[in-house]
Structures are given as C-alpha cells and as structure tokens.
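Asks: So the chains spell out like this:
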Amino acid sequence: MAVEVSWVTWRHLAAGGLRQIWRFRLRSTLVILCAALGVAGAVTSVNYASGGRAQVLEKIRRLGTNVIVINAEQSRAVAGRARTGRIVTTLQEGDYQALRREVAAVLRSSAVIAASLRLKAGFSSKVSPVLGVEPDFFRIKSWPLEAGGYFHDEDLKRSARVALLGHGVARDLYGGESPVGQRLFINRVPFEVAGVLAERGQGIDATNEDQQVLVPLTTAMRRLLNVDHYSSILLELGEVGDMARDSAEIAELLRVRHRIPEFRPDDFKVGNQAELIRTQLAAANRLGFLVRWIGLSGLVVAGLGVLAIAWIAVRDRTTEIGTRRALGATAPDVFFQFAFEAMVLATIGAGLGLGLGWIASRITAHQAALPFIFETGNAVLALGMALVLNLVFASWPALRAARLDPIHALKHE
Amino acid sequence: MIEVSHLVKTYTRGDGTPVPALKDISFTIGRGEFVTIRGASGSGKSSLLNILGCLDTPTSGSYRLDGEDVSHYSDERRSHTRNRKIGFVFQSFNLLPRTTAAENVEIPALYTGGAVDRGRALAILGQVGLGDRAEHYVTELSGGEQQRVAIARALMNDPPLLLADEPTGNLDSAAGESVMQLLTDLHREGRTIVLVTHDEGVAAYAEREIMIRDGLVAADRPQPGHAGSGAARRQA
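Residue numbers (the working numbering), protein chains in the order written: chain A, 1 to 413; chain B, 1 to 236.
Derived from the structure by calculation, the hints contain no laboratory data.
Treat the hints with caution; some may be incorrect.
Said to hold, decoys possible - With the Cβ distance kept under 7 Å, some of the chain B side facing chain A (calculated, not the full set):
hint, residue
1, 67
2, 70
3, 83
4, 107
5, 110
Idealized CB from N, CA, C, for every residue including glycine.
Between the sequences and the hints, there should be enough to build the whole structure, so can you do that?
Replies: Pasting the structure below:
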C-alpha cells in the first residue's frame, strides 16, 4: 500500500509538536539532558585522549628521535631479580672523547653528572637534582629560557659558579621574585642564578625537569662533587639513520674500552628515545581506541535514555493517540508526530552536548595539564552518530505509537 | 446516510475460539435522523459503534456510509473517512491536556491536508456557547463545557455524521441535560446524529431507537416522545 503523506498536515503536526515540547517541559528537559550528556561525554573523552597523544608527540618533538642516551649503571642479579642503582664510576672522559671521535653522525653532545643536593636561597631550602651539563645540553633538549641567559663554554673553562633553575625550583625558592642575579647556595657553595628555564612538565622518561638545577659540567664535577666520572652522555645524531645499529656500535665500543669480558653484563645502558616513544605512542593510541568505544557506548546509553523517555511518553499519551486516530490521523501521521518531537529534543540535546563537550574538554585539559585539543572531525562524527542513534531509538516508540490499535488506545485509561 | 446489511463481527479469543459479537445486523439511517443505539454491556453495541465509526471492519456484511461502501477500506482510507465524514464525541471527552479549547477544536483540521481555519474553530465554539472560553486550557473548564468543546471539535470538518458514545456518561444531570439540548439543537439544524448509550433517559431525546441484544437488532422503533416530530418537520 502506498502511503500518502500530506506535507501540509506534517507542517501542522510539527508546529503542534513544538508546542507539546514546551508543554511537557520536564520530560523535554530530560530528553535534552540525556542526549546532551551522551555527546558531551563522547566529545570530551575523545579530546582527552587526543590531548594525551599530542603531549607525547610534543615530548618527542622536544627531545628528538635522533638522541641516544648512555647511562652509567650496573645491572646485577640479586636473588634472581635485576637490580640497578649502584653508583658506577666507569663512564669517563676517555669514553666520551672516543664516542665523539668514533660515532660519525654525532652532531651535538653533552656529558652529564647528576646528584641530589641541598639548595638554599635566603630562608628557603630544598633538596633537588643538580645536573652538571655542557651548553649543548639545552639545544639537544630544545629547552628555551624563561628569564636570564644560558651559560657558555667559558663558564665551563673557568668552572664558573652559575646556575640555571628549572621553573619549579625557581618558584619554590624565590616565590614571585625574579631569581636572575640572585645568590643560591648548592651544598653551601655560593652560585649566581644566571637564568630560569621554561616550564616543561614531565619529561618522556618520567622525571620532572622543572625541579632540576643545571650548572656547568666542570663546576659540578670539581666544585660540588669532586668526581671524574659522568652519570650519562647525550649524543644527538645529525641524521636519523639506523638507531639500533648506532646503539649497538656504541655498546660494543664501550665494552671494549671498559674491558668487559664476554658473558658479563654491561656497566652502562644505551637507550635511544625511539623505543620509549614507540611504547608511549602505542599506549596513547590504545587509549584513543578505548576512549572511542567508551564514547560510542556513551552515545548508545544516551540514545537508550531518549528511547525510554519516548516510550513512557507514548504510554502516557495512549489516549491522545487513540483520539487523534479517531479524529482522522493516519498511522504515518502519528509516527511523524512522535518521531519529530523526539528528534527535535535529541537534536537540541546533541547540539548542547557539543557545547558542553567543548567546555568540559577545556576543563579536563586544564586539570590534567594536557594540551587543549578540540577535534572538529570527531565532534562532528559524535554529533552525527548521536543523531542517527537517536533517530533509530526514537523511531521505535513512534512506530509503536503508530501501530496502536485505535480502539484499544481509546479504551486505555 | 448509513446502510448496514447483515453485519457480522466475530472476534477470535487467544485460544482460537471464535466469539461472535455481532451476528446479523441490518438497518438504515437516513440523512438528518437522530437515532440512539441502546443495549446492555456485552450486547455488541460497542462493536457496532467501532464499525460505524470506521475504527474497525466487519467480518462480513456491508456498511455504506454517505454512499460509499467502507466495509473493507484500508487503515489509511478509514482514517481519511473518519476525518471527513464522522465527528466523534466520547464519554470522557478525550480533549488533549495542556491544550486550549480552540486548539482542541482545530485538531480534525490538522489532518485534512489543508489550511487550519482558526476563525471557523472560534465560530463553532461560539455556536456551542463557549465563544469566551476559546483560549482557556481545557483543564480550566467544567465537565459540561469540556464536552461542548468536544462537540465543537466533532463539527470542525463539517462531517455528515455525528457519532456520540455515552456523551453524558461522565456528567452530572444538569450538565448532561445541557449537552443533550445542544445535540438536539444540532439535530434540528439538520445533522445526522447516532448516539450510543445504555441510558433510557438519554435515548428519549432521539426520535428513533435501535435496541441491540446478543448481537442482533432486538427492536427498531420511533421514540414515543418524538414520534414523527423530527421526520414531520423535515418533510414539511
């Protein structure tokens, strides 16, 4: 049977539907809220995951994929488990020079000595990691200044007592004051604060770089710690070649230089960032995948809410349906009326949810210290899916309304 | 106007046994008549009402309404027939809640596929004595007023047949009397009215009474109080 549809009738029904929506304000608000929360939840969670992913990518950009880090450390098997942490003193200047000589692609490099030392400035005092580094360290790390200046090669030659503060250290020790030019005691040795480094947050290796103090390498070794070994060496390679091969070459060179016999473990660890990055990116991508499914199920749950309320509306209005049928409404007219009312509400809700999602994304990004990302494509996708789901879910009760036997509907109390 | 012949309606119970509601009903109602269909509950008068109202189709037999055989119309065509040819008046008024009197009267016009004439709705409300209540919500009206809004709604599309189902069943006697008076006035203006009731007092307003018992026409006779009067006026 061909269903004849009168557009004039449907225009009247649409206008009437809008009045019904206003008259049943509470129910309408519930449907709108339901639809809004579904979209807002989906949009927010997807944006949150995107923010996390963007942060990983930003860390990668900061410390390029072409950096190899050699850490001095001894792995020992204690009671069958690998333990690290003993101070190893075998990574020395000779190794550093050999690496710079032998590894062809080295563009920049910095040896690093690190220790936790007591800082004192005025009445403030705290223990922080202090790193002795070379000037290239900042370029390898792409670490800009917030105030003051870097230290230079002459400072290393003179073992100058100058220090650069991480953002957090500067805040903790000097509060709101500018620390540049101020005096800082590190293990009771007086230093002058040369500058403050830009805020970084957590690095890719999970250290909080904002809590570090950086001083010239020679100053740290001679004036603070009196040692002749390094904690680690950073090598930045000029071009991204085969990182794994370069790492293996470096390891072999150090084993030979340290005269480590076969079957004995290394007293160092060669790490390239690529591996760490791959793991983190994979984790971020897995989170993104998970979050998309959570978002989708949120939309489905919201759609079910719309369904439930529309279903109740059909039950409550059974007599109305019977009356309208008796007065001449066809089954398609009834379907249209109920589907239209539900869809108007669901659409308002979904649009509202988009706005809510934007606000919530901002808030979560701010609280989780993640970059604020609003993925328009995903937001539109969420909106579209919400509308399709709601259309499906609202059609069911509307279809039920249309199929009601008018005689029974009229008898309904 | 209405011509039913050998109307049979048989329902099928859940276990498959047939339940006859109408066994063999035949009668004719002419244009401008005011007829009551009276019967006890279970007599089959509701089944007859549903078929006369095009809400249901007969199992067999034929039903001609306003010259058309509507007995086997599809659901959609019956909807259109109800919309244009039948004005329904229900026992419990069946006005839409949270809606004004005028909006209720307009409902049948929504489904004609044409324009909705608000002026006509207001004019009919005036005709039933509710001209000043058009913008009132139906919940603000008394029972008698609500039933008069429902009658105005039934008149909106100017249908040839007015079908009333116990229109005074939910009203006190004063309001019931005023509603019956209104129906009598409409009849006097020439409308065909079929009123289904179990109440003898209500039946007395009509000029003819069809008694239904056990799915059969038990009696078809003119009402004594009105005998000949309506017909005489029409013929004059």
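Asks: Can you name, in rising order, the numbers of the hints this structure does not satisfy?
Replies: 1, 2
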